[in-house]
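S.K.: Listed here are the chains, written in short residue letters.
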Amino acid sequence: MPEVTIDWYIALSVILFTIGSLGVLLRRNAIIIFMSVEMMLNSANLAFVAFARYLGDLDGQVLVFFVITVAAAEVAVGLALIVAIFRTKKSINIDDMNLLKG
Amino acid sequence: MNAYGLAPLLLLFPAVGVLFNGLFGRRFVEADAKVGERWSGWFASLMAISSFVVAVLLFFTLQTNEFHPVVVPIMDWISIPAADFYVPWAIRVDTLSVTMMLVVTGVGSLIHIYAIGYMHGDPNFSRFFTYFSLFIFFMLILVSGSTYLVLFVGWEGVGLCSFLLISFWFDRKNAAGKAMNADAGRKAFIVNRVGDFGMVLAMFLMAWTFRSLEFDTVFETAVEMFKTNHIVQFGLFSAPISVVITAITALFLLGATGKSAQIPLYVWLPDAMAGPTPVSALIHAATMVTSGIYLIVRSNVLFEIARESGPVIFGVISTPDLVALIGASTGLLAGLIAFTQFDIKKVLAYSTVSQLGFMIAAAGMGAYVAAMFHLVAHAFFKALLFLGSGSVIHGMEHGHHHLLHDHSHAEDHEAVFDPQDMRTMGGLRHRMPVTFWTYLIGALALSGIPPLAGFWSKDEILAHANEHAQVVYVVLALAAVCTAFYMGRQLHLTFFGAPRHAAAEHAQESSRLMTVPLIALAALAAVGGLLNLPFLTTRMAEANHHHPAGVFVGLESWLEHSIAAFELTEAGTIHLPHTPIVLSPVVAGISTLLALVALGGAFYIYRNKPETAADPDPLQRIKPLWWFRILPLETFYMKFVVPPFKWLADWLAFAVDWNFWHDFVHNNIIRDMFVSFATFLADVFDKFGVDGTVNGIGSLTKGLAGAIRRTQTGFARTYALGVFLGAVALLVYFLWVLY
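Just so you know, the protein sequences line up as chains A and B, in that order.
Quick note, the first sequence lines up with residues 1 to 102 if you use this note's numbering.
Quick note, the second sequence lines up with residues 1 to 739 if you use this note's numbering.
Read the hints as simulated data drawn from the structure, not as lab findings.
Please note: incorrect hints may appear among the correct ones.
To be verified - For the chain B half of the interface with chain A, some residues (derived, Cβ under 8 Å), not all of them: (1) N229; (2) I231; (3) Q233; (4) G714; (5) A716; (6) R717.
Claimed, not checked - Here are some chain B residues pointing at chain A (derived, C-beta under 7 Å): (7) T713; (8) Y719; (9) G726.
Just so it is clear, CB atoms sit at the ideal spot from N, CA and C, and this is done for glycine as well.
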């Protein structure tokens with residue numbers, strides 16, 4: 001069984017980030033987009049942790065906690081917004097929320 | 001005795017007089033007419049007398065200092081070190097200037113006192129004395145200046161005073177409603193401008209040629225240049241010194257014809273009689289009008305050089321000869337015109353022009369001392385005659401005034417009464433005895449009856465003319481005959497016969513203030529000949545040569561110290577002693593005889609005519625004589641000089657100044673240019689430039705915003721794509737561009 005090197009972690013992080021960003025760009029359901037954003041954050045977390053382990057530095061690992069905290073706060077606010085929007089529009093299709101167009 | 005240092009006081013006293021009367025005189029007179037007039041008039045007189053005292057002190061100082069001329073500096077006036085040109089203001093004390101100072105202040109003082117009486121009751125009493133003091137001030141500057149420029153300051157100053165005093169009663173109008181007095185003042189001023197133009201040009205020439213305007217320097221340089229046949233450079237062209245000096249002297253002559261009322265510029269003097277009579281006596285007879293003669297006598301060196309230069313003017317005549325000719329012909333012409341005048345003062349005015357002609361002629365012939373002698377003697381008797389005529393006018397006015405209040409004579413007086421018209425006079429010798437006797441002395445002195453002053457002075461001129469210029473002698477002798485005749489006519493019309501007007505019957509002798517100066521001047525006119533008596537001078541001149549410090553023995557030896565008689569030779573200038581005057585019995589006899597005959601003839605012709613004021617003059621039968629009454633030169637000027645001048649002035653005023661300058665240049669060129677420029681600024685620059693920039697920025701912003709607006713779709717995914725692409729771009733940048 002080959003050794004799991006840093007490359008694998010980075011590759012997984014890139015794949016996750018790619019899936020997440022494609023999800024953000026291609027999907028219309030606000031919940032799905034939210035989940036995709038979470039996925040991108042976590043791919044970044046994975047990269048942080050991988051590099052921290054690789055470089056023997058704890059800074060990256062500490063930063064992950066901050067990211068998780070911010071992501072949790074974001075989810076709380078974001079889901080509240082989605083609920084509020086759903087109550088008025090009866091829809092969470094992101095393309096229906098285009099009132100701020102120029 | 002040395003009183004040279006007192007010389008500035010000479011000018012200070014009249015200046016104080018001007019300030020006193022100018023600043024406070026009116027207040028004094030308005031507060032209390034009687035006391036005020038006394039203060040105003042006597043203060044001015046006192047200042048004139050003080051100047052006279054200073055002049056007398058200078059006279060004695062000159063005697064004790066061997067007649068040594070001294071220049072007393074007052075201040076540096078003009079100094080241009082770069083051009084080495086300096087004009088100091090200094091008083092020149094020499095025998096010539098002191099002679100003039102004595103005449104100006106002496107006769108001036110007497111006339112001041114007379115004027116207190118004459119101007120009594122005039123609402124502008126103090127203004128009169130302000131001008132009078134100002135006149136004395138400027139006249140003293142004229143005669144005391146040590147440079148031509150200072151002389152010119154006085155020259156212009158007395159011209160100003162002349163103008164102010166001729167038009168003293170500027171609000172008086174004649175029957176036709178014309179302000180004759182103001183017109184006469186303007187005329188005098190304008191005619192004198194022509195002469196002054198000559199003076200100014202002469203000074204430019206002198207300043208350029210001699211680099212100085214100081215008498216001594218100019219004369220010395222002129223002699224030096226003449227000896228070396230100097231060529232004067234005028235930039236592009238050059239001229240020999242003889243031509244330049246001839247030009248200078250000819251321009252002086254022009255100045256003198258203006259100020260001293262000679263042909264062709266004498267026309268102002270008769271009109272100047274519109275001024276108060278003391279003015280006519282002081283300014284237009286005794287002093288100011290003689291400044292032309294003073295100028296020529298002062299510049300005698302230049303005139304003698306011009307004589308040496310020969311006939312330079314058009315190759316025909318030299319300046320001194322021209323001077324003599326102009327003087328002599330003026331003497332005769334004015335004498336003839338005087339025949340036809342009815343105004344008592346106009347006769348005297350033409351007589352003055354005529355006598356000035358004598359002086360100018362004498363100066364032109366080189367008889368400078370004779371000219372000065374006649375100047376002094378003339379100042380005495382002509383001032384006397386004018387003051388006498390003033391007294392007569394006062395008497396006539398008094399008589400007329402008396403009539404107006406006496407209704408029994410109401411039918412006698414006309415609407416306009418001219419107190420100066422000799423036809424309304426007659427028989428005044430009984431009514432005004434003092435005036436009559438003094439007037440008689442003056443008239444006889446003017447006519448040249450021995451032993452009065454006029455005889456000696458006129459005879460000296462005639463004797464000189466007889467010896468050196470026969471033509472001038474004949475003309476002057478004729479002029480002398482005219483003089484005697486018109487004085488006889490005037491005497492008879494005024495004082496003899498029966499009164500021809502009720503006003504003359506009630507005429508009254510003038511006050512003591514007026515008769516005392518008359519008596520004093522009559523005494524001077526009677527004994528004035530002593531100043532230069534031929535016998536006396538011959539004897540005393542010899543004595544004087546042994547005692548250079550000497551005393552005054554006669555104008556000839558006195559003026560010798562400022563009028564240099566010299567001869568120009570190869571070796572240099574040789575100063576010659578003046579030849580003492582010798583009485584020529586033949587010349588004196590002829591002129592006395594002619595004068596007596598003319599006087600007698602006048603008395604005979606006018607013995608019982610005209611009988612009434614309306615009667616024609618007996619001379620009116622001689623028609624050609626009355627052509628002179630229409631004033632040949634005056635008519636010529638009014639016909640041929642004034643209209644073109646007026647046309648030119650009109651053309652300049654209306655065509656050039658108004659139509660071209662204001663309408664065309666101002667309206668069309670300047671205004672229109674401005675307007676079109678402003679229009680350009682408003683319609684083009686502002687509209688398209690300024691507004692265009694501002695609006696352009698606005699619409700650009702708007703358009704840009706409209707374009708950019710389209711990127712804001714409102715779809716979150718579009719923004720997300722943007723962020724994504726941006727991140728990719730950054731990634732590419734970091735990976736490929738930076739590494």
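S.K.: Run through the hints listed earlier and report the numbers of any the structure violates, in increasing order.
M.R.: Violated: hints 1, 2, 3, 8, 9.
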